[in-house]
Amino acid sequence: MKKLKLRKSSGPDRLHNEMLLHLGLEGKKVLLKLINKTWGTSIISSAWKTAIVTPILKKGKPAEDVKSYRPIHLTSCLGKMAERMINNRLYWWLESNKILNPNQAGFRTGQQTEDQLFRLSQKVIDGFQKKKNTTAVFVDLQQAYDRVWRKGLLWKMREVGIQGRLYQWVKYFLVNRMIQTKINNGISSKLIQKEGLPQGSSLSCTLFLIFINDLPDVVQT
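In my numbering, the protein residues as written are 1298 to 1518.
Think of the hints as simulated: they come from the structure by calculation, not from any bench. Treat the numbers as computed from the prediction; the structure is a model and nothing was measured. Please note: incorrect hints may appear among the correct ones.
[Said to hold, decoys possible] Below, simulated SDA-like cross-link-like pairs (lysine to any residue); rule was C-alpha separation at most 20 Å, straight line: (1) K1468 - E1492; (2) K1479 - R1367; (3) K1334 - G1357; (4) K1468 - V1434; (5) K1300 - I1383; (6) K1325 - R1311; (7) K1395 - G1407; (8) K1453 - F1404; (9) K1330 - L1320; (10) K1448 - N1430; (11) K1468 - R1455; (12) K1356 - S1343.
[Claimed, not checked] Simulated DEER-style distance windows between Cβ atoms: (13) K1487 - S1365: 22 to 28 Å; (14) V1515 - L1318: 29 to 35 Å; (15) R1367 - M1475: 52 to 58 Å; (16) V1472 - D1423: 44 to 50 Å; (17) G1324 - R1304: 17 to 23 Å.
For glycine and all other residues, C-beta sits at the position ideal for the given N, C-alpha and C.
Input sequences plus hints: build the corresponding full structure.
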């Protein structure tokens, strides 16, 4: 709870981080019991899986173009807390079992962009010394989270050995996710998100790593 940030907008359940931070000892015990209940049963509140999306016009972009808007997803603050707890377990398991590809530096503790830049520059230097050309291909994965195939992700999780409660929690975290679009004072009806990972979730970063974990091996072959 110490990592909760103040003055953050609430999700559909209207719970703010300030409310959670001001809980007394007994309230925190109840909160922990609730999160542990979801861990043991894989039953996750629909409010935790619903996002209110507000389109924000990008600076200097024409308002009449739908691509000029950046969608901001507001989800449950309590749900985000649970996601961080599950993400810590998942990430620890991946690193402890050396599952993540050594060529992957994104979203990993102790690694950064400079590591990849060093690898690239070293390849170029080696090419100069051997009088060979070095070709680099840069790929921008547009709407990366939105395009994740959920069944494929769950299959990859099973393939690397993720099972039991951890697998079940993530599985039910992804199914029946809903979005509502809010413009000014109006809000749309709920729509089901059949594919993709939720924006703004710490868990999505780790799940995306799993989804693309075999990509460097495919490129090398």
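Exercise. Please work out if K1334 and G1357 have their alpha carbons no farther apart than 20 Å.
Key: 47 Å, violated
Quiz item: Keeping to a limit of 20 Å between CA atoms, is the pair of K1448 and N1430 held or broken?
Solution: 40 Å, violated
Self-check item: Holds or violated: K1453 to F1404, with C-alpha atoms at most 20 Å apart
Solution: 18 Å, holds
Self-check item: Hint check for R1304 and G1324 - Cβ pair distance inside 17 to 23 Å
Solution: Between G1324 and R1304, where Cβ atoms are some 21 Å apart, the hint holds.
Quiz item: Has the hinted range 52 to 58 Å been met by the Cβ atoms of R1367 and M1475?
Solution: Because 20 Å falls outside the window, the suggested range is violated.
Exercise. Quickly compare the C-alpha distance for K1468 and R1455 to 20 Å and report which way the hint goes.
Key: 11 Å, holds
Quiz item: Is the Cα-Cα distance between K1325 and R1311 20 Å or less?
Solution: Since the Cα atoms of K1325 and R1311 sit roughly 18 Å apart, the hinted pair holds (cutoff 20 Å).
Quiz item: K1330 and L1320: Cα distance at most 20 Å?
Solution: Distance of about 14 Å is within 20 Å: holds.
Quiz item: Quick one, are K1356 and S1343 close enough, alpha carbons at most 20 Å?
Solution: 34 Å, violated
Practice problem: Determine whether the Cβ-Cβ distance between V1472 and D1423 falls within the hinted range of 44 to 50 Å. | Solution: Holds: the Cβ-Cβ distance is about 47 Å, inside 44 to 50 Å.
Exercise. Take a quick look at whether K1468 and E1492 sit within 20 Å of each other, Cα to Cα.
Key: 12 Å, holds
Quiz item: Regarding the pair K1479 and R1367, is the alpha-carbon distance no greater than 20 Å?
Solution: Between K1479 and R1367 the Cα gap is close to 13 Å, so the pair holds against 20 Å.
Going through the hint list in order, the structure does not satisfy hints 3, 4, 10, 12, 14 and 15.
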